[in-house]
Amino acid sequence: MSDARSILNLGIDVGGTKTYGVVLDGADKVVARGSSPTQKSAAGVQASVTGVARALAVELGIDITGFASVGIGIPGMVDTCTGEVVSAVNLGFDRMPLAAAMAPVFQVPVCIDNDMKVALRGAGLLLGTDSLVYLNIGTGVASAAMERGRVVRGTENIAGEIGHIIYEPGGPLCLCGQQGCLEAVLGGRYLVPRLAEAGVEWAGLGAMPKHPEYARCVGALAWAISVLYLMYDPSVIALGGGVVGAASWLPEALSAELTTRAARAMFPDFKLIESRLRFPSTTDRAEVGAIGAALVGRDSADSTKG
273 MSDARSILNL GIDVGGTKTY GVVLDGADKV VARGSSPTQK SAAGVQASVT GVARALAVEL
333 GIDITGFASV GIGIPGMVDT CTGEVVSAVN LGFDRMPLAA AMAPVFQVPV CIDNDMKVAL
393 RGAGLLLGTD SLVYLNIGTG VASAAMERGR VVRGTENIAG EIGHIIYEPG GPLCLCGQQG
453 CLEAVLGGRY LVPRLAEAGV EWAGLGAMPK HPEYARCVGA LAWAISVLYL MYDPSVIALG
513 GGVVGAASWL PEALSAELTT RAARAMFPDF KLIESRLRFP STTDRAEVGA IGAALVGRDS
573 ADSTKG
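Mind the numbering: the sequence shown is residues 273 to 578 in the working numbering, read in order.
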């Protein structure tokens with residue numbers, strides 16, 4: 273085909289446990305999707321990306337060099353100018369020029385970015401907005417913001433690392449070395465075992481509104497959402513990640529919490545904050561990072577051509 277739908281843009285989201293890939297056509301429709309377990313090493317990540325890409329190429333009946341663009345999202349610090357992964361602690365390596373290593377496989381330039389920054393782009397497409405904050409609560413906690421299509425990065429591309437703001441001074445020890453980080457309260461690696469010790473499960477906590485962990489977690493999440501609203505004033509605040517997806521009770525609980533806060537505070541406008549909350553669907557949550565990676569890969573390819 274020669275129309276926009278024949279332009280195939282590959283996006284790969286490398287996660288701590290799973291590497292997920294999608295292919296977008298020129299009309300931003302997902303035409304192929306697939307995943308495989310992530311191999312945690314520099315060579316393993318390259319093999320994981322290549323394996324998912326080859327499977328998608330086979331599904332589409334093309335060679336792996338047939339993609340018009342390639343984008344990869346990866347957790348950790350990324351130098352978007354050089355395509356180097358500066359640090360990827362959860363994947364077991366650092367200082368790896370991933371873009372240069374993958375370019376010969378695809379025979380097109382490969383764009384690398386932080387996983388939250390690409391997920392932000394994907395969420396913007398799926399929710400139809402270019403002004404949003406994306407808050408991801410999974411194994412860890414992080415956010416990213418976009419204003420009128422411009423991603424807020426900061427000097428070292430770490431803007432949005434809200435998970436390592438101290439929420440409970442003197443609280444639980446975080447892997448970063450601080451005590452009481454928001455991530456140490458809400459991040460899955462801390463939350464799940466803590467609830468297990470208390471004899472409850474996250475998915476069922478919504479049925480126990482008087483449990484101290486209910487108030488603790490809902491309060492922490494409401495605080496994080498309020499902070500992001502005050503920092504960025506986005507038109508949309510989208511929530512994603514495995515912890516969010518595992519709690520079907522969370523939207524109602526957050527609505528009640530924000531309504532309670534609105535009744536006792538003139539500022540910030542908690543009802544307005546509530547109206548801006550969005551919870552992507554299960555499918556969208558799974559694909560948002562890979563879709564965003566495809567978008568940043570395409571944008572990078574287009575800028576190179578231009």
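One or more hints might be untrue.
Pair by pair, the computed Cβ-Cβ distance ranges are [what the hints assert, rightly or not]:
hint, residue 1, residue 2, range
1, Ser520, Arg425, 31 to 41 Å
2, Gly338, Gly421, 35 to 45 Å
3, Thr322, Gly471, 37 to 47 Å
Think of the hints as simulated: they come from the structure by calculation, not from any bench. The beta-carbon is built from N, C-alpha and C at its ideal position, and this holds for glycine as well.
Structure-based check of all given hints:
no., hint, result
1, Ser520 - Arg425: 31 to 41 Å, "holds (33 Å)"
2, Gly338 - Gly421: 35 to 45 Å, "violated (29 Å)"
3, Thr322 - Gly471: 37 to 47 Å, "holds (44 Å)"
In summary, the one numbered hint that this structure violates is 2.
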